[in-house]
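Generate the whole structure from the sequences, applying the supplied hints.
Below, each chain spelled out in residue letters.
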Amino acid sequence: MKASAFSYHKPISLEDALSLLESEEEVKILAGGQSLMPMLNMRFVQPEAVIDVNEIEELATISFNDNVEIGALTRQKTLGTHSIIKQHLPIMQEALKWVGHFQTQSRGTIGGSLCHLDPASELPMIALLYDAELEVASKSATRIIPMKEWALAYMMPSIAPEELLTKILIKPWGMPYGYGFQEFARRHGDFAIAAVGCLLKLQDGVISEIAISIGGVEDVPRRFIECEDVLRGSKYDIEEVKKQIIGPLDQINYIDDSLVTGSYRQKLLKGLLVRSIEQAASRANSL
Amino acid sequence: MQEQDVRMHVNGKQVSGKVETRTHLGDFLRQAAGLTGTHLGCEHGVCGACTVIVDGDAVRSCLMLAVQADNCEVITIEGIAKEDGSLHPLQEAFRNNHALQCGFCTAGMITSLYAFLTENPERNEEEIREAISGNICRCTGYQGIVLAAKEAASKMAKDRN
Ligand code: FES
Ligand code: FES
Chain A
1 MKASAFSYHK PISLEDALSL LESEEEVKIL AGGQSLMPML NMRFVQPEAV
51 IDVNEIEELA TISFNDNVEI GALTRQKTLG THSIIKQHLP IMQEALKWVG
101 HFQTQSRGTI GGSLCHLDPA SELPMIALLY DAELEVASKS ATRIIPMKEW
151 ALAYMMPSIA PEELLTKILI KPWGMPYGYG FQEFARRHGD FAIAAVGCLL
201 KLQDGVISEI AISIGGVEDV PRRFIECEDV LRGSKYDIEE VKKQIIGPLD
251 QINYIDDSLV TGSYRQKLLK GLLVRSIEQA ASRANSL
Chain B
1 MQEQDVRMHV NGKQVSGKVE TRTHLGDFLR QAAGLTGTHL GCEHGVCGAC
51 TVIVDGDAVR SCLMLAVQAD NCEVITIEGI AKEDGSLHPL QEAFRNNHAL
101 QCGFCTAGMI TSLYAFLTEN PERNEEEIRE AISGNICRCT GYQGIVLAAK
151 EAASKMAKDR N
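As they're listed, the protein sequences go chains A and B. Residue numbers for the first sequence follow this note's numbering, so the first one is 1 and each next one is one higher. Residue numbers for the second sequence follow this note's numbering, so the first one is 1 and each next one is one higher.
To be clear, the hints were calculated from the coordinates, so they are not data collected in a lab. Do not take every clue at face value.
Stated by the list, open to error - Here chain A is said to cover these stretches of chain B; the calculated rule only asks that three of the stretch's residues, wherever they fall, bring their Cβ under 8 Å from a Cβ of chain A:
hint, stretch
1, 28-39
2, 62-69
3, 77-90
Stated by the list, open to error - Computed Cβ-Cβ distance ranges for the label pairs, DEER-style:
hint, chain 1, residue 1, chain 2, residue 2, range
4, B, G103, A, S258, 29 to 37 Å
5, B, R160, A, A160, 48 to 56 Å
6, B, E119, A, S13, 31 to 39 Å
7, B, D5, A, D229, 38 to 46 Å
8, B, S16, A, K270, 39 to 47 Å
Ideal Cβ positions, reconstructed from N, Cα and C, are used throughout, including at glycine.
Here's what the structure looks like:
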């Protein structure tokens, strides 16, 4: 349970970090360390070099103009209390209640959650709901990756070895809309067995706009487009919703492992989905 | 570059030394600083036994490299009691309520609750349970720990006002 030896670099500017990423081989980027450190300790990864980005202050900012711009190094703890997040992305703060524990949120970062890309992780689900844009930089270029193209496969984001995630850009929905976030885990702070996030707008009782993301049930968290499509444009009636979602729920390729069966996940997801839609609708109605 | 000098304040005292960069803070505190009150259970962030306070935040010391704590202010279980040796309200309450049996989880429980209740001692039972949900105890069944935390919280709230 001890990490293998590596050379350690602690750049204090983004530029230095990007140069190191280009020159070093077999690199791991260390941000909050709440996922990488266990993997190092268990020797699931044995990098030659670790680049610690914690001193790069320019990566730890939150600002708003049109978009909420969140530096990749922003700690989960900061997101959980920040006034800009509270005002524009309240669902993110609701989701954060499910992320680990306060002793891990003090270090864990949003960029780390997005790059680690655990199937059950909540922050990617929020980024998905808003079609966030991720800014990644390398020594030679900066590019934007749309969130829907971020996950390539199980725990594999579409980022090159010499690139660093620097910023998350999220365009909040215009008012009025409602939001809901529901999750089930065996213990507070554990990985979700299933989780659902939902944003919706109601116009004269009709679901005019809806976004749903799901986590914990497949290899990667994703938007539940099939479900959005059947609900968009239909009259909001929760008994109807319960029938409408059955088809889309049947199409999911549920994770089925020794702890939790796929059919249990499906039942759970259904319940959470109904609750999150109800929660979002009641918030939309109360505005 | 696989070894580096580090220097930090631990419980108010300067501690420095040369460490391998792969050494996590928990090992550094136990081995280099000789502070064996911090316990290492799982070393992958699950059990919470290794919790210490770094620059005011409770963190898992197995998930932070010693070199990352360079120039930081660290508090371990050894730094919770007052200098004259009198116990902190949390330690007092743990003793009163039989909140420990083998004691393996205790350092992490107390450092976690110390950070949590110092920030705001006015917490209800649910919040307390949530705060220690990342700390595993295999002996007590948690009842005594929760009772102790409640007792300490009201003492700390009183002391503050
Ligand atoms: S030893 Fe650090 S969390 Fe278990
Ligand atoms: S007292 Fe033994 S693990 Fe908690």
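So, going through the hints one by one against the coordinates:
For the stretch 28-39 of chain B, the proposed coverage by chain A is not satisfied: 0 residues have a C-beta within less than 8 Å of a C-beta in that chain, short of the threshold of three. For the stretch 62-69 of chain B, the stated coverage by chain A is satisfied: 6 residues place a CB nearer than 8 Å to a CB of that chain, which reaches the threshold of 3. Given as covered by chain A, the stretch 77-90 of chain B fails the check, having 0 residues with a CB less than 8 Å from a CB of that chain where 3 are the minimum. Restraint check, G103 (chain B) to S258 (chain A): a C-beta distance of roughly 33 Å satisfies the suggested window 29 to 37 Å.
A beta carbon spacing of about 51 Å between R160 (chain B) and A160 (chain A) agrees with the range 48 to 56 Å that was offered as a hint. Hint check: E119 (chain B) to S13 (chain A), Cβ distance near 32 Å, so the stated range 31 to 39 Å holds. Taking 38 to 46 Å as the suggested C-beta distance range, the pair D5 (chain B) and D229 (chain A) does not conform, at roughly 59 Å. A hinted range of 39 to 47 Å is violated for the C-beta pair S16 (chain B) and K270 (chain A), which are about 57 Å apart.
Figure legend: structure checked against the earlier numbered hints; hints not met, in rising order: 1, 3, 7 and 8.
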